[in-house]
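Residue numbers (the working numbering), protein chains in the order written: chain A, 1 to 336; chain L, 1001 to 1523.
Simulated from the structure, these hints should not be mistaken for laboratory data. Be a bit skeptical, because a hint or two may be false.
Claimed, not checked - Examples of chain A residues lying across from chain L (beta carbon under 10 Å, computed): (1) S29; (2) V33; (3) T226; (4) P235.
C-beta atoms are modelled at their ideal positions from N, C-alpha and C, and glycine is treated no differently.
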Amino acid sequence: MNTVAMNSAVDRQIQAFRDQFQSVREEISRIIVGNEEIVTGVMTCLLARGHVLLEGIPGVGKTKLVQTMADVLHLKFSRIQFTPDLMPGDIIGTNIVREDESGRKNFEFQHGPIFANMVLADEINRATPKTQSALLEAMQENSVSAAGRTHALDQPFFVLATQNPIEMEGTYPLPEAQMDRFFFKLRLDFPGVEQLHLIIDRTTREKEPAVKRVLEQGQILEMRETARAIPVARPVQEYAIKITLATHPESDQAHEMTRRYVRFGSSPRGSQALILGAKVHALMNDRVHVSCEDVRAVALPALRHRVLLNFEAEAQRVDADAILRAILDWVPEPGK
Amino acid sequence: MKDREIILGVLHGIGRRLWVGRAVREALFGLCVLLYCLIALRMAGALHPAGIPTSGIPAWVPMAAGIGLFAAYLGWRISRKVSLDQAAAHADSGAALHDELKSAWWFLSHDEQSPFIEAQVARAAATADRLDARRLVPGRPPRSLYAAIGLGAVLALVTWLGPQLSPFWDANAAVSPTGAQEQDLRALLRDAPRDARVEKLDQALETLERDDATAEQKREALEAMREVSEQSNMEAVAARDGLARLAETLATNPQLTEVAEALKAGNNAAAVAFLKEIREGLPPPEKKDEQFADAGAGGQSQGSMTEQVDPSGQQLAGNTPGLNADAVSQAIRKIEEVTRETEIQNRVEQVRRGAKERMSTSAQRSAGRANAMSSSNNLEAGNPTPAPENGNTDMAGGAMFNRGKANREEDADGAQEGTRTGSAAGESDAMPVQGRATQRLDAQLKLEAVQRGENDKAEDEDDDDKNWIYTGSQQQASALQYQQVRARGGFDREAAGQHDRIPVRQKQMVKNYFLNLHESEKK
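Make the full structure from the sequences, and use the hints.
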């Protein structure tokens, strides 16, 4: 294959990625009013082989968004409503005794709801840490272990967890290790007046609008491959690393606010999320290369849940987003 | 390969333009710093003239070292190349390319291969091909140019107004025509009558103006200047004295009253004109008087000017029957010689003073102020009241007191030239020369010395009191004035502490002079 043909193949691949991405976004927007950034973020996580944590007050459409996505994507979808009495086996599955035709009894693994392509972990902070940790292996390894056997999860495997930031009584905040396994943490804000009008119009009529499936499982996997294939130049990678290091209070590249308000900075998964998210962002914008602008675009959702604040920050109501914005303004782009 | 060449060509072009722009900015920055330093130096020099050396080795060595170091620093900054990474980053930000060229250049320089990399490089090459380096790096003048222009204007303003901002600035000296003339001291000498003293002064001035002259050479030149000036002053005093005697003698002759009046008024040109008129009315001489011939032949080289003028005056005195054309011619020649001598003396004095001022204007100003406050050095004290004729204030008041009338001249247009100055008390009408009682003190001292040299030569050989002089007391000697400190090894060494050194033998003469001077002032 000569260079021209190769380039045209790449161009077609990129064009297909962008078109498919756009079609998903348009289809979701028929149900979900506004929140384009949230939809894009969720799609980015899906295509970057990540998982997403959606945070927002009740009623802003977290669960609706995930359900709509499941409808648009031709994927196997399951929903787990996390409650305090939920057990790990309720998620992963369990061995049950089954009697065959000859009367012999044996154990058979009954797959839990986690064996799906899209898993909605609704109100994940209401389950106990033991149950929450059941998701750890599945989210990181894309496999689960039960009764001494490891079961691979079907690809794409995508966890969408939601949590409510205001009803903290009777909840179990996610441990840092589990928070780090989420690719993005997206915040759904309360909709504006115009958006509320649209929401009411769409949901109070006789028939709600329906969506069609626009993306097959295989197409999603191809899009994932395309995203991974996007090259990143070293200067851009250095920029992402500098941002990550700037969140570490003990680093000599730390920002002043980091030294004052941050207890622990982002893990290396944060840098991975920055680069992978930037790749998807670049492809969405019809580019074959990743720019520092792409890194900046995904920096907040990729790092906000990876930066652990200290008591002073809590006392002064300084949130991670403010620190990250200061870091983004402070870290210079390479070559400037 | 073609994509690589396109991208490299564009990046090199942008890099070159960036480097040129940076070099211009750095050069202008250096210019701004230089202008700022010059402004600061001007201001400091104007406000503290004694503390900031503005000429000579103490000023030029640190200045040259500073400029050299700064130039080296600027050169290092300018010589830094603009990397292709920087050029790519500039192009990306200037054309909103989202790091396209930067990424493409990085992939090209690291030789990584993949279909996506090739596609990215191909896209970057297509983008680079559309770029215009002149639009990305426009050749507009940097802001530092305006800053440099502003600083240049400030420097010009400070240079123009600087002296007037100085508390030491002398407004009268600044507008004085004499001060303007002294800007070109060599020109003054070129116009002066040719004389060995003028030649010597010209050489000394040349030495002072030479940049490579050492301090010792300059000191010797100043010493030579001082000697020439002293010699010229003495010659001029003697000539004026002779002229005064001639005037007194001519006044006894009723036919020459106008000539005598003109001479007393210091108008030598009018006196010569009168004498020429008189000579035309006389019959031509039948035979030459040997006495006049001898005096005329040796007039310029033998004896003092007083002695040369006297014989011609005796021939024209009132008790001489009739007027002799030869005697009139002789008188005319003598008056012209005195005029010439006065002219030389004036030029020499102007040049010497101008050279001193040029050597260190600030030091001279400080010295002048110090003298003005001193009561023990009236002879060199600055004249605080400007003369009404020319506005001069820097004339030594006591020294020029009796010189004014004799120097005064009028040309055909009536314009007054020469050194006409006010007295130390501020009176512009100086006292006329009225004989020995009020004769200039140094002329009296010289006359006394000449007489003693002839009459008491043998006595002096055995007498040690020729070295007896009145010097300053120990307290006076220890009280070093600022002027004297500045004068150490410098240009006005000759002026420091010389005026108390009056020989014992001439003490009475000095006392009489000042007694007569005060009595005449009372009158």
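Tested hints:
no. : hint : result
1   : S29  : violated (25 Å)
2   : V33  : violated (30 Å)
3   : T226 : holds (9 Å)
4   : P235 : holds (6 Å)
Violation of the numbered hints given earlier is confined to hints 1, 2; the remaining hints are satisfied by the structure.
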